[in-house]
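Chains as they are written, first to last, in our numbering: chain U, 461 to 748; chain X, 3 to 253.
Bear in mind the hints are in silico, worked out from the structure with no lab data behind them.
In this text, a Cβ means the ideal position worked out from N, Cα and C, and glycines have one as well.
A portion of the hints provided could be inaccurate.
Label-pair ranges, simulated between beta-carbon atoms [claimed, not checked]: (1) U:Ile508 - X:Arg210: 32 to 40 Å; (2) X:Pro165 - U:Tyr674: 28 to 36 Å; (3) X:Gln157 - U:Ile508: 26 to 34 Å; (4) U:Gly546 - X:Phe160: 29 to 37 Å; (5) X:Val197 - U:Ile500: 19 to 27 Å; (6) X:Leu56 - U:Phe492: 40 to 48 Å; (7) U:Tyr598 - X:Pro165: 30 to 38 Å; (8) X:Trp156 - U:Val514: 39 to 47 Å; (9) X:Thr41 - U:Tyr663: 44 to 52 Å.
In silico PhoX-like links for lysine-lysine, alpha-carbon gap of 20 Å or less [to be verified]: (10) U:Lys640 - X:Lys239; (11) X:Lys250 - U:Lys465; (12) U:Lys670 - X:Lys250; (13) X:Lys250 - U:Lys466; (14) U:Lys557 - U:Lys582; (15) X:Lys239 - U:Lys557; (16) X:Lys239 - X:Lys250.
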Amino acid sequence: MREEKKFVISLLIPSLFFLSFVEFAPLGYAAFYSLTDRLIFSTEFNLIGFENYVKFLGSERFVRIVLNAFEYGLTSAILQTLIGLGFALLLYNTSGKLATSMKCVLFLPYAIPYISVSLLWKFLLDPVYGPLNKWIVYLGLSKSPILFFSYPNTAMPVCIFITTWMFFPFAMIIFYAALKTVPRDLVEAAKIDGATSTQVFKYVTWPWIKRIFYITLFLRLLFNFGKFDLIWLLTQGGPIGATEIFPIVTWLTAFSEYRYGEACAIAIIALWVLIIPLLLFIYVTRRE
Amino acid sequence: MFFSSVVPDAVLLKGFLIPFTTQVILSHYDVVLSKTLFTQWYLNSLTVATLCILINIPVSVMIAYVATRFSRKYMFLRIFGPFSLFLYMIPSIVLALPLALIFGYLKAFDTLIGLAIADSTFALPLSLWLLWGHFSNIPPEIEEAAFVDGASRWQVLFRIILPLSRPAVSAVAIFTFITVWLDYMFALTLIRSEVRYPVSIGMNWLIREYSFTWGHLMAAATLIAIPSIIISVLAFKYLLYGFEMTLKGTR
């Protein structure tokens, strides 16, 4: 008994210490500095209460960013999970060498670093060099090359598209693994009873993986919400704020406007905006 | 991407509707490798990834193992599931700002080890979740049999559980490597001096400082993508197996 207690404590203490160092201490810091007017390069600051929060929540920018965040996060999360599920089903139903190589090829986008992804797509969509624009002009879809990243109404869809392209493999691999846990005999039994493959999916496979589907969808939503790298590399939140989401605004406030306190407040607000989908998620999963 | 890195700029400017040309050059690679600190940045990235794996695996193994084995006895360990979800929910930027300050106090700002510690927050939640599912899948009877034979808790962990978890742990390692290799944000926040840049930030520097052409950029982008692509192709099997075990456990 004593040995066991010692064992548990000696495992938990170092790991929890590390966790609190990298996760909770920063959160506490951010929460504290969000109440101050600290600038990033100065060590002096005053406590100013919730002024930062009021200022940001009252600004027009806030509404636009929430809308952007949901547009970006939700659309690409849904697309990623659906496309991932589609490919997972495709992989599940093919076999042999073809399936192995297909798995690797389909997984590739996820293994390419953000910087390479952004450069690749910037090149492909480049108005002067980009092959895609050459094709568009060649086929006569548009008279002049389209500047995808320079118009507010094309920038967001392009960002969503690239995010989806990059991250659907993550959903795919989870669904593929989930499909492999579906008991074979259940599927066989359904087939012997004369079920078509649509029926097999609807009545056997889908109920089995439903929970994992929702979890994945939700994980992707959370992930997209907090993701900074891709949008930063593609548009830096521009043109005129059309692709601004929370992490981008936080970064800009902290490192180009140097208002550290305000940036922390924005980060904390972003966390609270995330809690709403979390509660929704818990509600949905509890009901099922 | 690879194609445009081996083609002369003139061909690239003329544009191609079909990606095919007979002119293949390697000078873009040569310029990137010899005129910049690219190899240094490359090594930096590899160091950070390795350090991060070395940090991440022990921490997630310790927490996940305790949380699965003793949750019946110690109630507070049950919050573990929602807890790992909560960790996943924290946007990295929220951590990046304070970590920059904290590392400043600890003299870890602008060091590779600091970056590795920060990067591990990316991979921790998912590694915890993976290992948690895996450990709850190992039947406790195996351990009990070992206890009957007189093994201690530590022996069971090192001699039985860890060898059994090799696929899951490798999945975690691969996953960590990929996420660290992909990272851009922490490196941008926490690294200032040129010699310590990881590749991703190095690329950014190339774009800013030099009038580099698309050919050069694509060559560098290809070089950066190679390790994570190779690793994921080689290790896809383990990653898949790890997820499979985990999902079996969480159902």
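Status of each hint after checking the structure:
1. U:Ile508 - X:Arg210: 32 to 40 Å: Holds, since U:Ile508 and X:Arg210 (Cβ atoms, about 35 Å apart) stay within the stated range.
2. X:Pro165 - U:Tyr674: 28 to 36 Å: Holds: the Cβ-Cβ distance is about 34 Å, inside 28 to 36 Å.
3. X:Gln157 - U:Ile508: 26 to 34 Å: violated (57 Å)
4. U:Gly546 - X:Phe160: 29 to 37 Å: violated (43 Å)
5. X:Val197 - U:Ile500: 19 to 27 Å: Given a distance of about 24 Å, which is inside 19 to 27 Å, the answer is holds.
6. X:Leu56 - U:Phe492: 40 to 48 Å: violated (31 Å)
7. U:Tyr598 - X:Pro165: 30 to 38 Å: Given about 59 Å between the Cβ atoms, the range is violated.
8. X:Trp156 - U:Val514: 39 to 47 Å: violated (54 Å)
9. X:Thr41 - U:Tyr663: 44 to 52 Å: Since X:Thr41 and U:Tyr663 have Cβ atoms about 57 Å apart, the given range 44 to 52 Å is violated.
10. U:Lys640 - X:Lys239: Holds. U:Lys640 to X:Lys239 sits at ~13 Å (cutoff 20 Å).
11. X:Lys250 - U:Lys465: Violated, at about 29 Å.
12. U:Lys670 - X:Lys250: This hinted pair holds, its Cα atoms lying about 14 Å apart.
13. X:Lys250 - U:Lys466: violated (31 Å)
14. U:Lys557 - U:Lys582: Judged against 20 Å, a Cα distance of about 34 Å means the pair is violated.
15. X:Lys239 - U:Lys557: holds (14 Å)
16. X:Lys239 - X:Lys250: Distance of about 17 Å is within 20 Å: holds.
In this structure, the hints that do not hold are numbers 3, 4, 6, 7, 8, 9, 11, 13 and 14, in rising order.
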